[in-house]
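J.: With these hints in hand, go ahead and build the complete structure from the sequences.
Its first residue numbered 18, the sequence shown is counted upward by one per residue in the numbering used here.
For the record, the hints were derived by calculation from the structure and aren't laboratory data.
Misleading hints may appear alongside valid ones.
Said to hold, decoys possible - In silico DSS-like pairs for lysine-lysine, Cα to Cα no more than 27 Å straight-line:
1) Lys174 / Lys71
2) Lys84 / Lys103
3) Lys63 / Lys162
4) Lys162 / Lys75
5) Lys174 / Lys84
What the hints assert, rightly or not - Per label pair, the in silico range of CB-to-CB distance:
6) Ile110 / Pro211: 36 to 46 Å
7) Pro206 / Trp102: 48 to 58 Å
8) Ile186 / Arg142: 51 to 61 Å
9) Asn187 / Ile72: 37 to 47 Å
10) Glu80 / Lys162: 48 to 58 Å
11) His196 / Met44: 55 to 65 Å
Predicted model only: the values in this text are computed from it and were never measured.
Beta carbons: idealized from backbone N, C-alpha and C, even for Gly.
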Amino acid sequence: MAFRRSRWRNQRQKTGGHWKKWVLIIMLVIVILTVQSAAYIERNLKPPIMHLAKIRVKQLATEAINKAITSQIADGKPSDDLIEWKTDTKGKISGFMLNYDEHMRITSNALSIVQTTLQDMESFRDHIPLGQALGSTILSSFGPKVPIRIEPQGAVKVDLSTRQQNAGINMILVEVYIHIIAEVAVVVPLDMEPEIVDTELPISYLLVVGDVPMYYYDNQGRPVGDNGASAPSLALPSLPSATAPSTGVTTPDASSTVPKNEGNSQLYLEEPEPLLPNGNE
Numbered sequence: 018m019a020f021r022r023s024r025w026r027n028q029r030q031k032t033g034g035h036w037k038k039w040v041l042i043i044m045l046v047i048v049i050l051t052v053q054s055a056a057y058i059e060r061n062l063k064p065p066i067m068h069l070a071k072i073r074v075k076q077l078a079t080e081a082i083n084k085a086i087t088s089q090i091a092d093g094k095p096s097d098d099l100i101e102w103k104t105d106t107k108g109k110i111s112g113f114m115l116n117y118d119e120h121m122r123i124t125s126n127a128l129s130i131v132q133t134t135l136q137d138m139e140s141f142r143d144h145i146p147l148g149q150a151l152g153s154t155i156l157s158s159f160g161p162k163v164p165i166r167i168e169p170q171g172a173v174k175v176d177l178s179t180r181q182q183n184a185g186i187n188m189i190l191v192e193v194y195i196h197i198i199a200e201v202a203v204v205v206p207l208d209m210e211p212e213i214v215d216t217e218l219p220i221s222y223l224l225v226v227g228d229v230p231m232y233y234y235d236n237q238g239r240p241v242g243d244n245g246a247s248a249p250s251l252a253l254p255s256l257p258s259a260t261a262p263s264t265g266v267t268t269p270d271a272s273s274t275v276p277k278n279e280g281n282s283q284l285y286l287e288e289p290e291p292l293l294p295n296g297n298e
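T.: Spelled out as C-alpha cells, the structure:
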C-alpha cells in the first residue's frame, strides 16, 4: 500500500508539472501574439485610421463652425454700414472699402463663436469602424469602433475680406466673406496629430453697376448694343501669307558687286573696268 501511495503521489506531481508547463507556454504564445498584433496595427492600420480620423474631425469642426456663425448672422440685424462707397464729383461710384468698426465687430464676434464651438467639441466623441481602415467594402461597417475626439490647439485666426468677379458689361459682383483658420488635435488611442481646419463663409453679396456703353464689339468684331447700328465698322488686319508676291524689294545674293572691306567696316562700290578698244576700230 505504501508503494502504491508513493507512486500515485509521483504521478500527481508529474501531472501538475506538465500543467504548469502548458500554462506557461500558452501565456508565452498570448504575449507573442499580442506583441505581433500591436506591431501589425502600428505598421499597417495606424496610418489609415489616422487619415480617416482627420477627415472626420475636419468635417465635424467645419460643419459646427459654419452652423454657429450662420445662426449668429441670421439672428443679428443686417448692417448697411459694412461697406463705405466712394463716389466721384458726378456722384458715380468710383470704389469702396470696408468699414473698420463693422470689420472689427464682425471679426471679434466670429472669433468668439469659433473658440466657443471648438471648446464645446472637446466633450464630443465619435467612432470609426475598424473595417474602414482595412479598405474593404464588405468589412467597412464591421469590427470594433475606434474612438476619436477633438482638442483645440493654437490660436484661431479670423479674417474678413472681399473678392470680386465679373457679372456683365461694366458690372462686378462683390462678395464679403469670413476666412477662418483653426488648429485642432485629432486624438485616437495611443496617438495624436494636429490638423488645420480652413473654411470660408460668405456674409453678403453686392452688385456694383457702372455705366453701360452705347455699343461694344463682340468676339467677331460686330457692334452690339442699343446704338450698335451707328457704330463704325471694325476691320481686323489680315496677316500676310508665306506665299505673298514680291513687292519689288530684292535681296542681294553672293554674286553681288558690293564686297565687304575686311580692314574697314565701310562698304564701297567696285568701279567697272574700262572697255579695251577693238582692233577693228
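J.: What hint numbers does the structure not satisfy?
T.: Violated: hints 2, 10.
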